[in-house]
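Number of protein chains: 2
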Amino acid sequence: MRNCIVAQSGGPTAVINSSVIGIFDENLKTQYYNNVYCGLNGIEGILRGDIRNLSEMDYATLHNLKYTPSSGLGSCRYKLKSPEENPTEYNKLFDLLTSMNITTFFYVGGNDSMDTVDKLSKYAEIINSDIKFIGVPKTIDNDLYITDHTPGFGSAAKIIATTTLETYLDSSVYTNNGIFILETMGRDTGWLAASAALAQIGGKPVADFIYLPEVAFDVDKFLEDVRAKFEEQNQVYIVASEGIKNSEGVFIADTQPTSSHDNFGHAQLGGVCNTLKELIINAGITSRVKTLELGVIQRCAMHCASDRDIEEAHMVGRDAINYSIDGETGIMVAIKRVNNAPYVSTTSAVPVCEIANKIKYFPTNWINEAHNHVTEDAIEYVRPLVQGEPSIYTELGMPKFSLIR
Amino acid sequence: MRNCIVAQSGGPTAVINSSVIGIFDENLKTQYYNNVYCGLNGIEGILRGDIRNLSEMDYATLHNLKYTPSSGLGSCRYKLKSPEENPTEYNKLFDLLTSMNITTFFYVGGNDSMDTVDKLSKYAEIINSDIKFIGVPKTIDNDLYITDHTPGFGSAAKIIATTTLETYLDSSVYTNNGIFILETMGRDTGWLAASAALAQIGGKPVADFIYLPEVAFDVDKFLEDVRAKFEEQNQVYIVASEGIKNSEGVFIADTQPTSSHDNFGHAQLGGVCNTLKELIINAGITSRVKTLELGVIQRCAMHCASDRDIEEAHMVGRDAINYSIDGETGIMVAIKRVNNAPYVSTTSAVPVCEIANKIKYFPTNWINEAHNHVTEDAIEYVRPLVQGEPSIYTELGMPKFSLIR
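Residue numbers (full-length UniProt numbering), protein chains in the order written: chain A, 1 to 405; chain B, 1 to 405.
It should be emphasised that the hints constitute simulated quantities derived from the structure, not laboratory data.
The reader is advised that the hints may include incorrect statements.
The list treats identical chains as interchangeable, and a pair is accepted whether it falls inside one copy or across any two copies.
[As the list claims (entries may be wrong)] Mimicking PhoX-like on lysine-lysine, the simulated pairs with C-alpha atoms at most 25 angstroms apart in a straight line are:
#1 K122 to K229
#2 K360 to K290
#3 K358 to K245
#4 K360 to K204
#5 K92 to K122
#6 K290 to K79
#7 K204 to K400
#8 K29 to K290
#9 K204 to K221
#10 K29 to K358
#11 K358 to K122
#12 K92 to K79
#13 K358 to K81
#14 K204 to K92
#15 K29 to K92
#16 K245 to K290
#17 K245 to K229
#18 K81 to K400
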């Protein structure tokens, strides 16, 4: 008897379930594990014994899970302590896995999850356990090291770019159009905001300005740029990452007096679009300013997912099985871009310690000199990742999603 | 020589262009008019002479316009004065139309546009002009009298319900889930918010509560409901129309001290989700509250449009041509629901004076007794309107839209 277990962790993406099904499908093919278990709510749930057997479930439901957004197995934000700090937890987990004949643990997640994989694989080595730990990447933020990109990013990029295009059309119908500001996620990195550059008409991005956290945001320069552009074309389309900061490293969202705070005085995340709006109005450029904070739509819009993203999420799951058969542990399945046009990708196994707790920033040489847009290189990087429309199941005009919890 | 002209007015929808193409296509078939002209930026542009000839354009571009969101001809928010107040304007317009051999003016719009059609058709009668004026309905708000529903509503309902379903999944992955609040448009009426009830899992709406402007919003009752539901299931999904009001008729969005105002002291529209969030946090129910203001996405998300909506928008355009051939003037093309399941609809010609400047509210008998959700009748009404996924043109993973301006 040889079993494996898979769990999900961190913020959801539109395609995170596709990786779970990739693991399941490749095991169906290889028949390497007798059972594919899943832990609910990540490692937190596993420690509580919240475990189900995917191999006993109806395959149609599982297959549809591939086209269901958000963490189908539930998630957690649980930072595993070191074995020295919490040996009980480690012992409990290894006892549980051993008792269920689980020889491989697949963890689908981002930075924190890779840290968990790192700690558990190192602990296994210390106690001479054969249990293998393999990380499967996911995050819309695209901020994991070494992997060319992360599953989840392509679909987020697609809904961002599509919404940019559609709201650009919506915001340009009058003779006295105003200024439109789209706020994307991306607290630390600009990958998401940059993808708005894919929204093009006649080969030219519809966004006049795109602001990323990787370079300091200069308010005076911003107002100067916006004023000039507004005078030139009577409308301006702006995309800003929620995480843009000034030269002192302060979030722009936190710099205006009216920035919203909850009743405990904590600054609320997001809201940079409203700060920019206020700056524009106070500078007297125009009072016709509309904002849109895309919010969690970015990480769950399966109805506008990238089919390539779904398939690559599936691929990293499939290859996770194969790397485990090869005896790998303490690795993450990274995506390798073999060719850009036509696009070809494959995977490689990368030691998870090279990835955990690090952030891959958007390359500053992909930001234009004026620090208010991205270069053609950036566009060429993102473009292949949004390709293809998935055939999602629908019923009575609505997507039909699978729930297995 | 007999020509016609079409123009668009008011806020855009995802399918407003389909009506223009319906007019064009039916004229291709009937060959009744020699040229189909279009006015840019509504009547405002026509008065400036901003006119193009659709009959001289490439048909592929026009056909793709059917699948392009937002007012392809541009729009205006121009309230035509009475002939007594501004006779010059009327004279100018009739002279222009006469000089171009235009015998019919089609105006695609909402309430205000129907008022324009009403005034112009009555003026034509007074001056014994043969020029006909026909209204073609559009508005995501679904608040026009007599017509069963308005083109544009079905697609707005579809993106609202789809987003409700997807963000519900996104907001329920943790063991300590919080409260999610989705704010829809609908300043006066609850049609849009109500359509979130189509987001269902296992035949049950995922939204726990839906609040509409048609009944007074009771803050104490709201907090009581939310507290009980949160204690019961550790997560609550709330949908609120931007226009909900208290028993004194004050917008809830304007009742909290932190409601945002611009620097001229004007209350900002929207933002009811943040007021509700603040109420929940201040009541100590939980501090884990997420909000999403769907904003203009509701009126331009062609990538998630209802194919039935696109085709009905096309149908009202086609029938507008036929009513004009029949000699009708001063009418709006209304949609008639012949049968609900299977769904069948047709059109009728309705005197525009019965529609202009009126608001069709969401029926209060479709709101439940607790005033926090909608009934099955409401769901059955909306459901047929979101059916079908259009085959929109794509290029490199992005929708490819037509611009004719």
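Now for the hints, and whether the structure bears them out:
no. : hint         : in the structure
1   : K122 to K229 : neither (55 angstroms within a copy, 43 angstroms between copies)
2   : K360 to K290 : neither (31 angstroms within a copy, 27 angstroms between copies)
3   : K358 to K245 : within (20 angstroms within a copy, 48 angstroms between copies)
4   : K360 to K204 : neither (27 angstroms within a copy, 42 angstroms between copies)
5   : K92 to K122  : within (16 angstroms within a copy, 83 angstroms between copies)
6   : K290 to K79  : between (39 angstroms within a copy, 23 angstroms between copies)
7   : K204 to K400 : between (36 angstroms within a copy, 13 angstroms between copies)
8   : K29 to K290  : neither (52 angstroms within a copy, 41 angstroms between copies)
9   : K204 to K221 : within (23 angstroms within a copy, 51 angstroms between copies)
10  : K29 to K358  : neither (34 angstroms within a copy, 63 angstroms between copies)
11  : K358 to K122 : within (18 angstroms within a copy, 71 angstroms between copies)
12  : K92 to K79   : within (16 angstroms within a copy, 72 angstroms between copies)
13  : K358 to K81  : within (18 angstroms within a copy, 64 angstroms between copies)
14  : K204 to K92  : neither (57 angstroms within a copy, 39 angstroms between copies)
15  : K29 to K92   : neither (32 angstroms within a copy, 75 angstroms between copies)
16  : K245 to K290 : both (21 angstroms within a copy, 23 angstroms between copies)
17  : K245 to K229 : within (22 angstroms within a copy, 39 angstroms between copies)
18  : K81 to K400  : neither (39 angstroms within a copy, 50 angstroms between copies)
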